[in-house]
Structure formats: structure tokens, C-alpha cells
Amino acid sequence: MSGNIELLNSTLAAARAENRAALVGYLPAGFPTVDDGVRAVTAMLEGGCDVVEVGLPHSDPVLDGPVIQTADDIALRGGVKIVDVLRTVRDAHAATGAPVLVMTYWNPVDAYGVERFAADLAEAGGAGCILPDLPVEESEVWRKAAEQHGLATVFVVAPSSRDDRLARITAAGTGFVYAASLMGVTGTRESVGHEAQELVRRTRAVTELPVCVGLGVSDAAQAAEVAQFADGVIVGSAFVKRLLAAPDLEAGLTAVRALAGELAQGVRKRA
Amino acid sequence: MSSEFFIPDPEGHIPSAEGYFGAFGGKFIPEALVAAVDEVAVEYEKAKADPAFAAELNDLLVNYTGRPSALTEVPRFAAHAGGARVFLKREDLNHTGSHKINNVLGQALLTKRMGKTRVIAETGAGQHGVATATACALFGLECTIYMGEVDTERQALNVARMRMLGAEVIAVKSGSRTLKDAINEAFRDWVANVDRTHYLFGTVAGPHPFPQLVRDFHRVIGVEARRQILERAGRLPDAAVACVGGGSNAIGLFHAFLPDTGVRLIGCEAGGHGLASGEHAATLAAGTPGILHGSRSYVLQDEDGQITEPYSISAGLDYPGIGPEHSYLKDAGRAEYRAVTDDEAMQALRLLSRTEGIIPAIESAHALAGALDLGRELGEDGLILVNLSGRGDKDMDTAARYFGLYDATEGAAK
Numbered sequence: 001m002s003g004n005i006e007l008l009n010s011t012l013a014a015a016r017a018e019n020r021a022a023l024v025g026y027l028p029a030g031f032p033t034v035d036d037g038v039r040a041v042t043a044m045l046e047g048g049c050d051v052v053e054v055g056l057p058h059s060d061p062v063l064d065g066p067v068i069q070t071a072d073d074i075a076l077r078g079g080v081k082i083v084d085v086l087r088t089v090r091d092a093h094a095a096t097g098a099p100v101l102v103m104t105y106w107n108p109v110d111a112y113g114v115e116r117f118a119a120d121l122a123e124a125g126g127a128g129c130i131l132p133d134l135p136v137e138e139s140e141v142w143r144k145a146a147e148q149h150g151l152a153t154v155f156v157v158a159p160s161s162r163d164d165r166l167a168r169i170t171a172a173g174t175g176f177v178y179a180a181s182l183m184g185v186t187g188t189r190e191s192v193g194h195e196a197q198e199l200v201r202r203t204r205a206v207t208e209l210p211v212c213v214g215l216g217v218s219d220a221a222q223a224a225e226v227a228q229f230a231d232g233v234i235v236g237s238a239f240v241k242r243l244l245a246a247p248d249l250e251a252g253l254t255a256v257r258a259l260a261g262e263l264a265q266g267v268r269k270r271a
Numbered sequence: 001m002s003s004e005f006f007i008p009d010p011e012g013h014i015p016s017a018e019g020y021f022g023a024f025g026g027k028f029i030p031e032a033l034v035a036a037v038d039e040v041a042v043e044y045e046k047a048k049a050d051p052a053f054a055a056e057l058n059d060l061l062v063n064y065t066g067r068p069s070a071l072t073e074v075p076r077f078a079a080h081a082g083g084a085r086v087f088l089k090r091e092d093l094n095h096t097g098s099h100k101i102n103n104v105l106g107q108a109l110l111t112k113r114m115g116k117t118r119v120i121a122e123t124g125a126g127q128h129g130v131a132t133a134t135a136c137a138l139f140g141l142e143c144t145i146y147m148g149e150v151d152t153e154r155q156a157l158n159v160a161r162m163r164m165l166g167a168e169v170i171a172v173k174s175g176s177r178t179l180k181d182a183i184n185e186a187f188r189d190w191v192a193n194v195d196r197t198h199y200l201f202g203t204v205a206g207p208h209p210f211p212q213l214v215r216d217f218h219r220v221i222g223v224e225a226r227r228q229i230l231e232r233a234g235r236l237p238d239a240a241v242a243c244v245g246g247g248s249n250a251i252g253l254f255h256a257f258l259p260d261t262g263v264r265l266i267g268c269e270a271g272g273h274g275l276a277s278g279e280h281a282a283t284l285a286a287g288t289p290g291i292l293h294g295s296r297s298y299v300l301q302d303e304d305g306q307i308t309e310p311y312s313i314s315a316g317l318d319y320p321g322i323g324p325e326h327s328y329l330k331d332a333g334r335a336e337y338r339a340v341t342d343d344e345a346m347q348a349l350r351l352l353s354r355t356e357g358i359i360p361a362i363e364s365a366h367a368l369a370g371a372l373d374l375g376r377e378l379g380e381d382g383l384i385l386v387n388l389s390g391r392g393d394k395d396m397d398t399a400a401r402y403f404g405l406y407d408a409t410e411g412a413a414k
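These protein sequence lines map, in sequence, to chains A and B. For the first sequence, the UniProt record's numbering gives the first residue as 1, with consecutive numbering after it. For the second sequence, the UniProt record's numbering gives the first residue as 1, with consecutive numbering after it.
Just chain A, same shape as in the assembly:
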């Protein structure tokens, strides 16, 4: 069974055709439990996200700030396994028909088996994978498996990426390019700086792929700001925060849906 890379491509193209940015939401699987995590991911899509990334919680999330670390901890203490992550992808995609990617550190994929992970993710209806600690130089084995199974390989670029690397990375990537808005780990920020706009400009110069901006975006105003210059806006920690702050699951789901709705309005405010 082939993965849903074409669904991802057409979803991003549809947003572009509407002259707006796409909204990409992130939540880790298994948070707060596997079943409730499925509901939370589904709520992001129902609330207005076009695409979601399901995080594979990791024992050593070196690129994540305290908010996602906390969610990963809760998920891992609850016993979340890779099969649960795949089930989250399957159930969220089945419930909404939307493109669902997995975002994961490389070691879990390596341990699970590269070919096996790609096959199982495609079979679950997944659209692709974001592998933030797998540099393009080490990615050939994964890319072959992803291509064979109809999965996108989304690479991250950073403000520190030189132009020659941007060309090399984007030539290897599919789906979209994840542009890190700043030098740092995940987490909400007061503002998204000029670095992001400059990085998107430099990335667009070397690729036709949509460029989505992540790291630090937390509210509708920031989403609207980023939507001025990017093809997509990626929001993660802000969703996790809503769930962490809620008194119970139903309140959390309501808050997630509401945030997705506000952000969806934000990405439609292009001047």
C-alpha cells in the first residue's frame, strides 16, 4: 500500500491556490494517552489544521524545549510504543482524510527498521516523515524506502544553512521544506524574527517545494505574520500547552479546536 504523499502535495497546492498559507499542527502521540492523543490530533484537524505532524515521543528529545519534553515524558511514562504512533496516524487520517506525517528522531526509526517503518507508516495512511536529526548526508537509505512507499521526506533548514546546503537539502526533500524560524529548540516565542523571512527567501531561490515555517509560532497574529511570506505555518508547543493547561480532556480538546480555528483565520490574513 502506498503512502499519501500526493494527498500532502495536493493539500498544500490547494492552500496556495486559495492564496493563503497552510496550517500544520503538531502533537506527540500518546499524549496524554494513546486514545486521547488520537482525539487531540483529530481535534487539531477538525479545528482548522490542513496537515498534522504526529510526534514520536523520544527519551532524549534534544531539539525540543520544556513543553514538548513534558508531553514526551507523559507519553513515555504511559508506555507509548511505535505501534501506538502508527495507530495514531491511522486513526487520525481515517477520521479526517487529512495528510498526517510523523515527526521523529532518527534512532527509533533505525531501531524499528528503516524499511519496516516506511512500509508500516504507508500502510497506516501516513503521508511522510520529518527527521530533524537525520542530515541529508545520512538520509539515502531512508529516502529510498520513503520513495518506494509513497512517503514524503521533509527536511529541516535553519538560518545557519548556507545557500549551497539549502540547494542540496531541498533537492533531496519532497512534500515541503521545514524552515526553522530561529536558532533554537521547539517552544513558543514572543516574536518570530526577520531570520525566518530571510531563510524562506533564500530557500525559495533554490526550490519549488512549499516552504513552511516552524518554531516559535503560537497565536493567530504570529501565524498571520508568517503567512505573509511562507507557504505554511507550523504550530506545536502552543497546542501542547493548551492540553497541559486544561483541567480535563474535554476542556483540552475544546481549547485545541479553538486554537486551530484562530490560527486557521491567521493563515488566511494575507495583505
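What the hints contain is simulated information worked out from the structure, not anything from laboratory work. For clarity, every value in this text was computed on a predicted model and none was experimentally measured. Glycine residues also receive a C-beta, built at the ideal position from the N, C-alpha and C atoms. Hints are not guaranteed to be accurate.
The calculated label-pair distances, taken between Cβ atoms and stated as ranges, are [said to hold, decoys possible]: (1) A:V83 to B:E380: 53 to 61 Å; (2) B:E149 to A:R77: 13 to 21 Å; (3) B:E153 to A:N19: 52 to 60 Å.
Simulated crosslink set (DMTMM-like; lysine to aspartate or glutamate; CA at most 25 Å straight-line) [unchecked claim]: (4) B:K330 to A:E138; (5) A:K269 to A:E198; (6) B:K173 to B:D302; (7) A:K241 to A:D36; (8) A:K81 to B:D302; (9) B:K330 to A:D110; (10) A:K81 to B:D238; (11) B:K330 to B:E303; (12) A:K144 to A:D164; (13) A:K241 to B:D189; (14) B:K330 to B:D373; (15) A:K269 to A:E190; (16) B:K48 to B:D59; (17) A:K81 to B:D304; (18) B:K46 to B:E56; (19) A:K144 to B:D304; (20) A:K269 to A:E225; (21) A:K241 to A:D35; (22) B:K46 to B:D9; (23) A:K81 to B:E279; (24) A:K144 to B:E18; (25) B:K173 to B:E309; (26) B:K46 to A:D164; (27) B:K173 to A:D73; (28) B:K173 to B:E279; (29) A:K144 to A:D120; (30) A:K269 to A:E195; (31) A:K241 to A:D91; (32) B:K46 to A:D163; (33) B:K46 to A:E137; (34) A:K81 to B:E303; (35) B:K112 to B:E168; (36) B:K330 to B:E11; (37) A:K144 to B:E303; (38) A:K269 to A:E208; (39) B:K330 to B:D238; (40) B:K46 to B:E4.
Since chain A is already given, all that's left is putting chain B on it; use the hints.
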């Protein structure tokens, strides 16, 4: 351009362009760090070609660190090792009290060459943190040290030393609150502050080029020891023994002996409460290949690739990974790795203290315990070289509690 004490690039043991020693190594890092890690590699190559770099490092190693370090024969200790002769390479006598200073001075000079003004580092036992804080004081660099909260408690003396030297020490409260988590937090800092910050990595793990350059800065240990033992014993040892956490002191000792195929290279891992208990840090004995902290090597992990929490009484060995060159040497059969339990290490610590008047670090005591076993295997004709990688002052609180020294109940308790 090498010097007497800086001897990089051993023939036949330079990693591939991608940073691999056989199947192990590489560079598994976020894109945000690629430019910085590449800059370290480029600057290191330039430094190696610059006679002024070798000369400055050489001067520091002699006149600041106190190299060459002594080689001490320990016959009263060796009487418990089946009568084999035992020599200790005294890295504990270096300035700051361990081998760590060798690497730190080299990387501190690189930091200056790169024009960076701030240094961060991880530390387990605090020896690397103290050495880094020392070099930063010497060179006027801003210094932040990440240390697991568990380790700040069991190595409180070293926390005080780092702060006395002007470093900021941050107690890391995530995960197992030990060395692994300190490295995670240091990477998070580096991603955010990479423009002006060098991550002065403390062991032969991490992304390429760290396993290579940290090794090169420590090769002096084995080069000196090989020359010294030939002079003193008239022959090469039957075995060279060192403790391994990340593996820096061991690789430093082993490397000069790699071509000497008659010399067994033996790394002693932290066996904690025993391999069967599951509470240990014996990565090579019980781990499987995976990726942790930027390179492929053996790691302690579950079937989903989640890193499992290690345990050791020794903060410096309490790490679920290992430098990639050790994984290569293990699979190639050139080095052997054994697990030494907490109890065996602590007994060896006390034995060396009482027979030779040398109090070793708990880390180094793992190598001493390994040497006791090995001596019994080799018998009276055996000749063993042990790297005494650090001194034990920092461990007196742990040792006093372990042996009941505070209330003079020793012997009854153990």
C-alpha cells in the same frame, strides 16, 4: 604539525570523510548545528597544520598541566593481582586531577582560533567540567557547565570547584538527571547560541569530528606510557587497562598500542549492580548499535530505540553510550570490554588507597578492579599497565558513605 605531546592522526586510524570508524560514527545532528560542527572540523585541520598551535599546546601541556605524567609501579597493590607487575599511568597527577585537561586545553585553543567567546560543556563526575572551567579562567572565556542534578549532589566538591573558577553550573533536572541528560541540555544551549559558543565536548563520542579530535588530544597518554614502560619494565605490557564511560581516557591509552598486537586492550565498563540486575552502564557488554548524541555506536536502548537509563555508582561512567571508535575496536576484536560492578570498583579503590597511598577516582577504580582480575589470569609473569585517569578527592563523600567512614563503622557495614 605535531609536537612531543600533541600527536594527531595515527596512521591507519583516521575516520572516513563522513566520520566513520568502520560502521560507527557519522554525524547525526540537526541542520542548525551542521555549520558549527563543520567549522570545528575545518579549524582543527588548520590548527594541525599550524606549528604555532602545536607549540602553544605543547607549552601548556608541559608548564601548566605538568606533562609528562608519572608512571608508578604498585607492588603492594599487585600482590593482590596474582603477583603480576602493575604500573599506573598517573593522569590523576595532571593539573585539575584527571586526564580531561589534555582535551580541554586543545579545544580551548580551537575556541580562541574560531573567535568564539563562550564555552559550554557537559560533565558527569565533574572532572571535565572542572577542566573546562579551568581553561576558561585561563583564557578569559565565559563558561557554562551542564551537570545532571543527581551528579551535582554526588560530586558536590567539583560543583564548588567549577563555581570557584568562575563557571556557571546548571543542574539538569530532565530524564535520569545524569550525564546523558546534561549532554541533551548542552546541545539545546548550543543550537540556540551557536554563533558565539563552542561546545567543548568532553569525550570521544558525539558527532564527527569530536571522536577524532578528542582522541588526538588524549593520545599523549598512551604515547608517554608506552615509552615509559619500555624503559622501566624492558618490554611492552601484556595488557593496557582503562575504564570506559564515553571512552576518552581509554582511547588515549589504547591508541599508541594498537599496532602492538601482543598487547591486549581492555576497557572496564560500569557493571553497576551487575549485568543481570539491569542496573548498569555496560554499553558494549549489553547494548546494541544505535544513534545517541550525534553518532552511531553501541547504546543501551529498548526495541523502540528509546534510550534506557543507565546506572553506576560512578558519575563519570554512568552513560548509556560509548565513543564510536570503541565500538569499532570491539567488533574488530582488537579491544576487549568487561563489566566491573560497583562493589568490585569500591574494593579496588580502598585497596589502592591502603597499599599504595593513592586514592583513585571511582571511575579509575573500575580499571583497577579489572587489573586485579586480569593479574590473577596472567599470573606472576604478567605485566599490566593501568590508566589511573583521575584522583578520588571528589569521591570521598560517596566512599565515606559506602564504607561507613563517617561513623567509624567500616568493616561492619561492608
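Structure-based check of all given hints:
1. A:V83 to B:E380: 53 to 61 Å: This hint holds: roughly 58 Å between Cβ atoms.
2. B:E149 to A:R77: 13 to 21 Å: For E149 of chain B and R77 of chain A the Cβ distance comes to about 18 Å; the hint holds.
3. B:E153 to A:N19: 52 to 60 Å: 58 Å, holds
4. B:K330 to A:E138: 23 Å, holds
5. A:K269 to A:E198: 20 Å, holds
6. B:K173 to B:D302: 22 Å, holds
7. A:K241 to A:D36: Status holds; Cα separation ~15 Å.
8. A:K81 to B:D302: Holds, at roughly 10 Å.
9. B:K330 to A:D110: Since the Cα atoms of K330 of chain B and D110 of chain A sit roughly 21 Å apart, the hinted pair holds (cutoff 25 Å).
10. A:K81 to B:D238: 47 Å, violated
11. B:K330 to B:E303: 22 Å, holds
12. A:K144 to A:D164: 23 Å, holds
13. A:K241 to B:D189: 22 Å, holds
14. B:K330 to B:D373: Measuring from Cα to Cα gives roughly 20 Å; hence the hint holds.
15. A:K269 to A:E190: 20 Å, holds
16. B:K48 to B:D59: 15 Å, holds
17. A:K81 to B:D304: Roughly 7 Å separates the two Cα atoms, so the pair holds.
18. B:K46 to B:E56: Roughly 14 Å separates the two Cα atoms, so the pair holds.
19. A:K144 to B:D304: 22 Å, holds
20. A:K269 to A:E225: It holds: about 8 Å lies between the C-alpha atoms, which stays within 25 Å.
21. A:K241 to A:D35: Within the cut-off at roughly 19 Å; holds.
22. B:K46 to B:D9: Holds, because 13 Å separates the two Cα atoms, which is no more than 25 Å.
23. A:K81 to B:E279: 22 Å, holds
24. A:K144 to B:E18: 20 Å, holds
25. B:K173 to B:E309: 14 Å, holds
26. B:K46 to A:D164: Measuring from Cα to Cα gives roughly 22 Å; hence the hint holds.
27. B:K173 to A:D73: Satisfied, since the Cα-Cα distance of roughly 13 Å is no more than 25 Å.
28. B:K173 to B:E279: 20 Å, holds
29. A:K144 to A:D120: Roughly 15 Å between the alpha carbons, so the hint for K144 of chain A and D120 of chain A holds.
30. A:K269 to A:E195: 21 Å, holds
31. A:K241 to A:D91: With Cα atoms ~23 Å apart, K241 of chain A and D91 of chain A stay inside 25 Å; holds.
32. B:K46 to A:D163: 24 Å, holds
33. B:K46 to A:E137: 23 Å, holds
34. A:K81 to B:E303: 9 Å, holds
35. B:K112 to B:E168: Judged against 25 Å, a Cα distance of about 20 Å means the pair holds.
36. B:K330 to B:E11: 19 Å, holds
37. A:K144 to B:E303: Roughly 23 Å separates the two Cα atoms, so the pair holds.
38. A:K269 to A:E208: The hint holds at about 23 Å.
39. B:K330 to B:D238: 18 Å, holds
40. B:K46 to B:E4: OK: K46 of chain B and E4 of chain B at ~19 Å, within 25 Å.
Hint compliance for this structure: hint 10 alone is broken.
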